[in-house]
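For the protein sequence lines, the chains are B and Z, in the order given.
The numbering used here runs 12 ahead of the 1-based position in the first sequence.
Numbering-wise, the numbering used here puts 99 at position 108 of the second sequence, and it's gapless, one number per residue.
Just so you know, these hints were derived from the structure itself, not from any lab.
Among the hints, erroneous ones may be present.
DSBU-like cross-link-like pairs, simulated, lysine-lysine; straight-line CA separation at most 35 Å [as the list claims (entries may be wrong)]:
no.	chain 1	residue 1	chain 2	residue 2
1	Z	K300	B	K214
2	B	K266	Z	K82
3	Z	K142	Z	K0
4	Z	K300	Z	K97
5	Z	K0	B	K110
6	B	K110	Z	K34
7	B	K278	B	K52
8	Z	K250	Z	K40
9	B	K125	Z	K142
10	Z	K250	B	K127
11	B	K278	Z	K82
12	B	K278	B	K266
13	Z	K300	B	K122
14	Z	K82	Z	K34
15	Z	K97	Z	K82
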Amino acid sequence: MAEEDASKGSLSLNWISNVVRPKIRGFWPKRDVPENLWVKNPETGEMVFHQELEANQFVFPGSGFHQRIDARTRLRLLFDNATWENITFRGVATDPLKFRDERRYTDRLKAAKAKTGHEDAITVGAGTVEGVEIVAAVQDFDFMGGSLGMAAGEAIVAAAEAAVERHRPLILFAASGGARMQEGILSLMQLPRTTVAVEMVKEAGLPYIVVLTNPTTGGVTASYAMLGDVHIAEPGALIGFAGPRVIEQTIREKLPEGFQRAEYLKDHGMVDMVVHRHDLRPTLARLCRMFMKLPAAAAPATEEEAPEEATVAEAKRKKPAGVPTVLDDAAAAAGKTP
Amino acid sequence: MRTFLDFEKPVADLMGQIQELRRLQNGEDGVSVSDEIATLEEKAREALKVAYSRLTPWQKTQVARHPDRPHAVHYIAGLIDEFTPLAGDRKFSEDQALIAGFGRFKGQPVAVLAQEKGADTQTRLQHNFGMARPEGYRKAVRIMELAQRFKLPVISLVDTAGAYPGVNAEERGQAEAIARSTEACLNLRVPNVAIVLGEGGSGGAIAIATANRVFMLEHAVYSVISPEGAASILWRDSTRAQDAATAMKITAADLQGLKVIDGIIPEPLGGAHRAPDEVIARTGDVIERTLSELSVLSPEDLVRSRRQKFLDIGRTLS
């Protein structure tokens, strides 16, 4: 019966689409694997030396496949000199629903903490990108599918407050299967809560830039991830509200090739640009400089578009040393509290 | 012909007996069974009371989805005079899953956002089973902007299994449309009140339920994902929906305990569908009282207190 099917299909905040894939993903090595390991390109089957992959910011040379990276790696690749200040956020009630499915939620949390070394799915850092001071919030898919619960909500609120307090742009890297079902309605409430955080940044006249990475689906897209002043997506990232499996169940058809991928979203007007990981830093810095009315970067050479296959040497050349930032002066001049 | 839910079987049996007796009474002169009927009616009432006094979360879900349950259109008919629906998001199309417009609530002009599931095949298709596409949410934003311009309060009637999960909805930015609608709610400089009438289905609901005050009907449910959906993901078995319904804490009492909602509107014995007029009138009283409370707040206070209310959710739990 149509009604039945339709309502069954309406799992609006789902994680499904990618939760089925970790078996394959789990095979891909993490950072702490032996250095002599070869990594298989999931798209082409080509073997790549792990060190080479890491030096290439976890983008497979040749096919350009962007491997998912954890929050720490993301922050390391983002900030100048791979250094940043961690922003803490307020603690939350652990398991207020006393939730249990096949496992206890508290056990799942413990396992995720042990696996990632993070408190929850979002890590917040403050630092500079090509000399521009920013606050970044990074969602880690390895922590329970990057799911949005109370702690992640508080992390985003803290990131917004830090951005406003320090008068810096907020850059958010999204990666999530959606709301954390083990927190029930409290996870749904993170949609309005994180939207309040976004409004704080916007009302302080500060840029809020979202970088959508693979995958970003469910309630995360239905809140802060789709409210950016600018939306940037990494190539090939799956981005959508309902996961492909849910949609297939609803319409009972195979989905078109490239559906819900970064490039598809750009074609449909939902993201501003699809940016190669090698070009993220200059792109973010350029936008932030303009929105913050900062002078253009000192050396024009650093503003050039990186070629499609930027070499490691080039990437390194483009990374400026830890120069003092112009933003310090700008922030002091602004000096007002919102 | 009333539709009985499985847990209402004792009631259904008694009602069957009563009907049988009535037929008997009409058929044969002189046989008086009215005493017996009265006794059975009393028994049926009692059975109904018992059944509804201890509804499980899954049973509440069934009541919330009951085909005879009064829908948004009934509340609009009962509470809003001169209702004037407006159509279209001015971008792509019209979406009847979310009815939006203006009318008079107890004399006062108001904006209404209402999710309607439909009651028969034709209206269900017309309203897409209450599952809005991006156009529905973009129309909601448009109506909220109008409400703000004319300084009229916004009443949201929430009843949806969720936003529509389809290719065309994704293509046109379902997620963005929901996010923008939630954002519009949070920025409203006029009072808004949301009532969850039946199902509060996830992001599709929160998009119009981010309000200064949020109420639920006694047997309504409100959750991050449908019990069936949670069961198939977390238990990998869609038949575990009952367990999922219980574990997720989706009932009005649960949500009040978690301080997610501001109040519960009691339903008549046996659920809203047994006395629609009564529950519609009660809902009207709650809306009236709430709008009057909110009317004293300045636009700035309305925005500030609404945002703070949502920021506070979960912070006092342990």
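Taking the hints in turn, this is what the structure says about them:
Only pairs whose Cα atoms come within 35 Å are accepted, and Z/K300 paired with B/K214 is accepted, the gap being roughly 20 Å. Proposed proximity of B/K266 and Z/K82 is supported: the alpha carbons are some 28 Å apart, at most 35 Å. Distance hint between Z/K142 and Z/K0 is unfulfilled; the C-alpha atoms sit about 50 Å from each other, more than 35 Å. For the hint pairing Z/K300 with Z/K97, the CA-to-CA distance comes to about 27 Å; that is within 35 Å, so the pair holds.
Under the criterion of a C-alpha separation no larger than 35 Å, the hint pairing Z/K0 with B/K110 is consistent with the structure, at around 32 Å. With a CA separation close to 38 Å, the supplied pair B/K110 and Z/K34 exceeds the 35 Å bound. At roughly 28 Å between alpha-carbon atoms, B/K278 and B/K52 fall within 35 Å of each other, so this suggested pair holds. Of the pairs offered as hints, the one joining Z/K250 and Z/K40 holds, with about 27 Å between alpha carbons and a cut-off of 35 Å not exceeded.
Annotation: proposed proximity of B/K125 to Z/K142 is violated, straight-line Cα distance about 48 Å (limit 35 Å). Taking the CA atoms of Z/K250 and B/K127, the gap is near 33 Å; set against the 35 Å cutoff, the hint holds. Restraint check for B/K278 and Z/K82: satisfied, since their Cα atoms lie roughly 18 Å apart, inside the 35 Å limit. Taking the CA atoms of B/K278 and B/K266, the gap is about 21 Å. The hint holds against a cut of 35 Å.
Among the hinted pairs, Z/K300 with B/K122 is consistent with the structure: their alpha-carbon atoms are about 30 Å apart, no more than 35 Å. Only pairs whose Cα atoms come within 35 Å are accepted, and Z/K82 paired with Z/K34 is rejected, the gap being roughly 57 Å. Our distance criterion of 35 Å between C-alpha atoms is met by Z/K97 and Z/K82, whose separation comes to about 33 Å.
Of the numbered hints given earlier, the model fails hints 3, 6, 9 and 14; all others are met.
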